[in-house]
Structures are given as structure tokens and as C-alpha cells.
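One-letter residues, chain by chain:
There are 2 protein chains.
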Amino acid sequence: MQPAPAAPGQALAEVDTPALIVDLDAYERNLDRMAEFARVAGVRIRPHAKTHKSPVIAAQQVARGAVGVCCQKVSEAEVLVRGGIADVLVSNEVVGATKLARLAKLAHRARISVCVDAPEAVAEIEAAAAAENVRINVLVEIDVGGRRCGVPAGAEAARLAGMIANRKHLAFEGLQAYHGSAQHLRTLDERRAAIAKAVEAVRETQAELAKLGLEARTIAGAGTGTYEIETGSGVYNELQPGSYVFMDADYARNRKGDGTPFDTFEHALFVLATVMSASAPERRVVDAGHKVLPVDSGMPLVWQIPGAIYGRPSDEHGVLDVTACPKPPARGDKVLLVPAHCDPTVNLHDWYVGIRGLGTPSAKVESVWPVAARGAAF
Amino acid sequence: MQPAPAAPGQALAEVDTPALIVDLDAYERNLDRMAEFARVAGVRIRPHAKTHKSPVIAAQQVARGAVGVCCQKVSEAEVLVRGGIADVLVSNEVVGATKLARLAKLAHRARISVCVDAPEAVAEIEAAAAAENVRINVLVEIDVGGRRCGVPAGAEAARLAGMIANRKHLAFEGLQAYHGSAQHLRTLDERRAAIAKAVEAVRETQAELAKLGLEARTIAGAGTGTYEIETGSGVYNELQPGSYVFMDADYARNRKGDGTPFDTFEHALFVLATVMSASAPERRVVDAGHKVLPVDSGMPLVWQIPGAIYGRPSDEHGVLDVTACPKPPARGDKVLLVPAHCDPTVNLHDWYVGIRGLGTPSAKVESVWPVAARGAAF
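The listed protein sequences correspond, in order, to chains F and V. Everything in the first sequence is counted per this note's numbering, starting at 22 for the first residue and increasing by one. Everything in the second sequence is counted per this note's numbering, starting at 22 for the first residue and increasing by one.
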């Protein structure tokens with residue numbers, strides 16, 4: 022773990038770079054907005070901790086009414102349970118006896134759930150749970166259009182649920198019906214069409230479950246791009262959005278029904294960088310390349326420097342094109358960059374530097390939280 | 022820091038996934054090949070530790086004749102010096118009093134060099150060195166075509182060298198003339214043309230230095246894609262290749278003069294992944310997405326599974342298209358993936374799992390080295 026780039030009480034200008042910055046005011050408004058949405062809609066919310074990898078943030082979500090959190094990896098679940106989170110769903114398949122033994126151990130200390138998409142998995146999880154004499158809640162993941170994990174909707178999924186229900190140490194919890202690739206479809210119509218198919222897949226599976234005398238207590242899914250659509254279906258009852266806490270540049274490329282940018286949530290996550298070279302008038306080189314700002318979802322946005330465009334990232338450098346910039350930053354100036362994709366960006370940093378009053382002259386470091394599950398990949 | 026996914030003595034099949042694997046046999050042959058090249062050519066070699074971020078690997082390079090290593094960040098230099106490396110060049114600009122104070126402190130314990138591309142930097146580094154009463158060696162970085170950091174070649178660079186030479190705590194070491202964007206030009210002719218311009222830029226600067234009575238002791242640059250060309254120029258005398266230790270999929274897309282793939286070095290770095298879902302015949306989902314295999318340089322290669330193609334990476338998943346695969350892997354099987362780009366891949370992992378005899382039935386974990394400077398970004 023690297024030393025923290027800042028200490029509470031420092032001014033923003035004193036933070037060493039590159040650093041991962043949280044605009045605490047915007048972040049808290051984002052948490053509040055999603056919590057209020059779920060409360061009004063009457064659905065449970067189980068935010069995705071794969072985005073933030075932090076028990077501190079998870080606890081703030083739970084304090085606002087979340088039933089718990091989900092994550093993708095057993096190693097993330099370990100960090101979250103160790104950090105005091107009492108209800109964790111690994112919204113993913115877990116394969117291998119070593120990993121399942123670790124997962125089962127967590128069930129002594131928290132309510133643990135996991136997904137399956139193969140009959141063999143049911144026996145494997147039962148064995149791990151039996152060895153620890155714990156109960157594990159299991160969701161059947163169905164492929165709702167993402168063509169990744171998940172069994173086909175309908176009879177095959179229901180059969181899997183029946184196998185779970187017959188096991189002594191397992192409880193059939195419901196269906197994992199998350200549509201990942203729908204999240205960044207740019208128009209509302211596209212997202213609606215994708216989620217309509219997901220809803221159909223869920224309904225088809227519910228009908229097959231009923232034939233077996235089974236019921237899915239939980240229909241889980243939905244991300245920041247589509248959660249209103251799943252909620253509106255009346256079928257989903259547990260939402261798993263992650264990115265809403267930070268809101269990244271890629272989600273800002275989504276469009277609402279009226280064609281304007283998706284702006285329900287505010288950009289609350291930034292990478293602070295320093296201009297380290299200004300040797301040519303048309304460019305500024307910043308000390309933030311793709312080792313701190315991954316480019317899987319495109320380029321970061323330059324925050325509040327009109328005309329400056331980030332591009333040509335290499336491992337440790339990014340190049341700001343300032344040819345259209347009336348007032349380019351000078352060597353040594355600090356700039357804020359909005360990550361294209363918050364999840365993998367967070368995973369590259371050891372610390373969140375929380376700023377209160379960002380954008381005001383009194384901006385100060387209020388908190389320095391570890392990204393406790395940074396690198397937790399297995 | 023995450024727990025290690027393996028322990029010495031384990032079989033490859035026992036390594037938890039995803040894990041960063043080093044084929045120790047191929048890796049050592051790569052080290053030997055580059056060391057032998059430099060010995061025969063009579064040039065110094067200062068391998069780039071930004072690739073491996075490991076004092077263990079740096080020490081093995083030094084043991085084979087490297088004069089020291091280079092890195093890109095002060096925080097990397099700190100880890101390397103703490104790990105016993107006696108000569109470290111930060112082959113990059115360092116901006117800010119905090120960072121420079123840390124750099125100067127290292128000069129009590131190691132020979133430290135750094136680059137500049139601005140007159141202000143000379144005064145800033147002198148102040149930091151004076152405060153510690155140490156000597157810092159300074160290279161003038163010239164822009165040899167990469168349009169990133171670096172002053173224009175010629176008189177401006179020579180003036181900067183003169184400013185360095187006049188400072189009490191600084192020594193003018195030479196020119197940093199690395200051409201990053203030339204490394205992955207696919208044909209030898211393209212790479213030769215780019216480096217010819219770099220050589221011209223160096224010669225022009227040397228002529229201007231001579232007018233001031235200065236000489237560049239070191240002409241530094243060259244990466245894994247072009248090091249033979251810089252060496253052949255007779256102008257460069259210190260090589261900075263990094264990727265040769267591991268050889269990634271992107272470098273394997275380079276072509277030699279005869280049009281065949283660049284194969285001087287062997288793939289020695291892999292991500293070991295597990296097939297976590299096989300719910301559809303046309304695909305296998307592995308537990309390695311872009312949080313462990315960044316995609317800035319394209320997709321990883323699937324190692325020795327004919328017909329399997331890695332694609333559609335998301336945060337924690339990769340999808341193998343096995344439609345053209347005569348013998349697709351089964352759920353639970355482990356697969357090796359060759360990273361597209363070794364540097365940012367290494368930076369996502371906490372541990373190197375070193376395997377002796379990879380590809381043989383007796384493959385065993387021999388070493389588990391920390392990626393000690395993982396995340397060292399400032």
C-alpha cells in the first residue's frame with residue numbers, strides 16, 4: 022500500500038499528485054438521491070461495492086437504508102465483512118474449493134449470498150457451507166441479454182433453483198437478472214428495449230419456478246444506467262447500482278428521454294494531476310496516464326478548463342491539447358480530471374482524498390479513506 | 022496489499038486466480054539475451070523498472086551487468102532504493118517541492134538522476150539538493166518526436182544543460198532522448214525512420230553543447246521495440262528497455278525486417294484465470310476482466326488453446342469466444358492469458374507468482390515476489 026497523498030486539513034493545492042479525489046458534497050448528494058428514489062419507489066437497494074471497494078462508503082450507504090451491498094469477488098466480500106458490513110451478496114459465480122471455503126467462513130459473521138449458473142456449483146457451495154455448518158443464500162443468475170454468465174431464462178433456471186432449495190445448507194434466494202451491457206446504451210429507448218427483454222426473461226423464469234412450487238424472494242439487478250426502468254417494471258425488487266456514488270464521464274454520455282445528458286447524479290470522483298511539462302504551446306503534459314486513469318471506456322474529461330482535451334495517454338503521462346484553450350494551465354498547476362470509468366479507476370488507487378467545498382476557495386481535505394479492497398481480485 | 026494467491030512448492034493448478042504468473046525460465050532467458058546484447062555492443066544498459074516495479078527483478082538485472090535502473094516516479098525510486106538498488110534514474114520530469122525533497126533524500130543512499138525540460142526545474146532541483154547537501158545528476162530531456170515532455174533539440178536544450186552545469190549541487194549528465202511512440206510502429210522501416218530523426222535531434226544538440234564547452238556523458242533512450250536501432254547509431258550509449266523482461270502481446274505485433282513477428286524475447290508474463298461460467302456452448306467466461314488485464318493496448322492472447330479468442334472484457338469478466346475452438350476449456354479449468362501491455366498489467370497486481378517449468382507436468386511455484394512499487398504513482 023502506498024503512502025497517502027494528503028492529510029486532513031490540507032488545502033487542495035497541497036495534495037500530492039496523482040491523487041483520487043472525492044467531492045464529498047456531491048458524493049453525499051448522490052447517496053441521498055438514490056436512497057430517496059428507492060424509498061419512494063418501495064424497492065430495496067443493495068449498492069454495488071465493486072465500484073468503491075470501501076467499507077466506509079458501504080457503511081454510509083447502509084446508513085441511508087441500503088439492505089447491504091453486493092460485490093464481485095470473495096476477496097472483496099472479506100474486506101467488506103471485516104469492515105463491519107453485515108449483509109453481502111457476491112453477485113457473481115464463485116468457482117473453486119479454496120474460494121468457496123473462504124466464502125463460507127464469512128457466513129459466520131454476516132449474511133452471505135452468492136450466484137450460480139451451473140448445477141455443479143450447487144453441490145460445491147453446499148459442501149463448503151456444510152463444512153462450516155453455515156447457511157448460504159443462493160441466487161440463480163439468468164442471462165438476460167448480456168451473453169456473459171447466467172443460465173438461459175425459464176425451465177433450466179428453475180431446475181437450478183429446485184436443486185438449491187433441496188440442499189440443507191443453502192437457501193434459494195431468488196434471481197440475479199442484471200443486464201450489464203444495457204447500462205451504457207446511449208438512448209433511453211435502447212435501454213428500455215433491453216430491460217424489457219430482461220423483464221420478460223424474469224417473468225418466464227418466475228412462471229417455471231411456480232410450476233415447481235418455488236418463489237423468488239429477490240429479483241436483483243439494475244445499474245446506474247437503467248435502475249428506473251427495472252423499478253418501473255414492478256418485477257425487480259432489489260437494485261444493485263454502483264456508479265451513482267461517483268458518476269463517471271462514460272455515464273455522462275448516456276442520454277435521457279429528451280436527448281439531454283444523464284445528470285441525475287453529479288461527478289463526485291476526480292483524479293487530481295499536475296502539469297509536469299509545458300514545453301510546447303499546443304500541449305500540457307500531466308502526471309496522470311493510464312496507470313491511474315484507465316481508458317477502457319474512453320478518455321477522461323478535463324474539469325472546468327474550457328477547451329482543454331485529454332488524450333494520447335501513456336503509462337504515466339496524459340497530454341492535454343490546449344490549442345482551443347483560452348487560458349491553458351501553467352507548469353506546476355493542478356488540474357482535475359473526471360475518470361471515464363469509475364470502477365477500474367478506483368481500483369488503481371490506494372486512497373480516497375475527500376474534499377469538502379471543492380470548487381470554493383476554502384476547499385479542504387476532510388477525509389483520507391483507504392480503498393480497502395483495491396486489488397481484491399480473487 | 023492483498024494476500025498472495027500462491028505459495029512456493031504449489032502446483033500451477035493450486036494457484037488461486039486471477040494471478041500474475043512469471044515463467045521464470047523464459048524470463049531469465051530474456052534477461053540474459055538483453056544483457057548479452059549490451060555486452061557485445063559495448064553499450065550500458067539501465068533497464069526500465071516502470072515495467073516490473075520490483076527491486077528483486079532490478080537486482081537480477083544489475084547482477085547481469087545493468088548499471089542501475091530507471092523509473093518514472095519518485096515513489097518508484099523510493100521503493101527501488103529501499104530495495105537495495107544503488108543507481109536510479111527518474112527518466113521523467115519531477116514537479117513540486119514535496120516530490121523533489123523526497124528525491125533529494127534518496128541521494129544520501131543511492132546515485133540519483135532525473136530529467137528536466139524547463140529552466141524553472143533547474144532552480145527547483147538545485148534548491149532540493151542544496152537542502153539535503155547532496156548531488157543530483159540531471160539529464161536534459163529533448164523531444165525526439167514523441168510530442169510529450171522534452172524541450173526542442175538544439176540550442177534550447179544546450180542552454181538548459183549550461184544552467185545545470187552552473188549549479189553547485191547538480192551535475193549535467195547528458196540527454197534523455199527516448200522515443201516512446203516509436204516503440205510500437207509495426208514495421209522495421211517505420212521504426213528506423215523514427216529513430217533516425219531522434220539520432221539527428223541528439224546530434225544537433227551535441228553540436229550546440231560543444232559550442233558551450235559541454236559534453237553529454239550519457240545519451241539515454243531506447244525501448245524494447247527499437248534498442249537495436251539506437252545502439253546501431255553509435256550515438257546512444259545507455260539503453261532503457263523495460264518490456265523485454267516479460268514481452269507482451271502488443272510487442273509481439275511488431276514485425277522484424279523480414280515481416281515475421283518480433284520474437285527476440287519470449288512471453289514470460291501471464292495472467293492465470295479460471296473458467297467461471299460455461300453456460301453457453303459458444304463462450305467461456307473467465308475471472309479476469311480489465312481490472313486485472315488492462316486493454317489500453319488491445320486484447321490479451323489466449324495461451325495455447327487453439328481457436329480461443331479473448332474479448333468483451335468488463336471489470337471482472339473476460340469472454341472467450343470458443344466457436345472456432347476444437348477443445349474448449351471446461352468450467353473450473355485454468356487458462357493462461359498473455360497481457361496486451363505488461364506495464365499497466367503488473368501495476369494491477371500485488372504479487373508475481375514465479376513458475377519453474379511452465380508448460381511441463383512438473384510446473385511448480387518457485388517464488389512469490391511482491392510488486393513492491395505497485396501503485397507507486399507520485
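Think of the hints as simulated: they come from the structure by calculation, not from any bench. Do not take every clue at face value.
Note that the list lumps identical chains together, so a pair holds whenever it fits in one copy or between two copies.
Straight-line Cα separation of at most 30 Å, DSS-like style, residue types lysine-lysine; simulated pairs [to be verified]:
1. 385 - 189
2. 189 - 218
3. 348 - 385
4. 232 - 277
5. 126 - 385
6. 232 - 348
Here is how each hint holds up against the structure:
1. 385 - 189: Close neither inside one copy (54 Å) nor across copies (38 Å); limit 30 Å.
2. 189 - 218: Answer is neither; intra-copy 34 Å and inter-copy 72 Å both fail.
3. 348 - 385: Intra 25 Å, inter 58 Å, cutoff 30 Å: intra-copy only.
4. 232 - 277: neither (39 Å within a copy, 64 Å between copies)
5. 126 - 385: between (41 Å within a copy, 28 Å between copies)
6. 232 - 348: Classified as neither; 68 Å inside a copy, 37 Å across copies.
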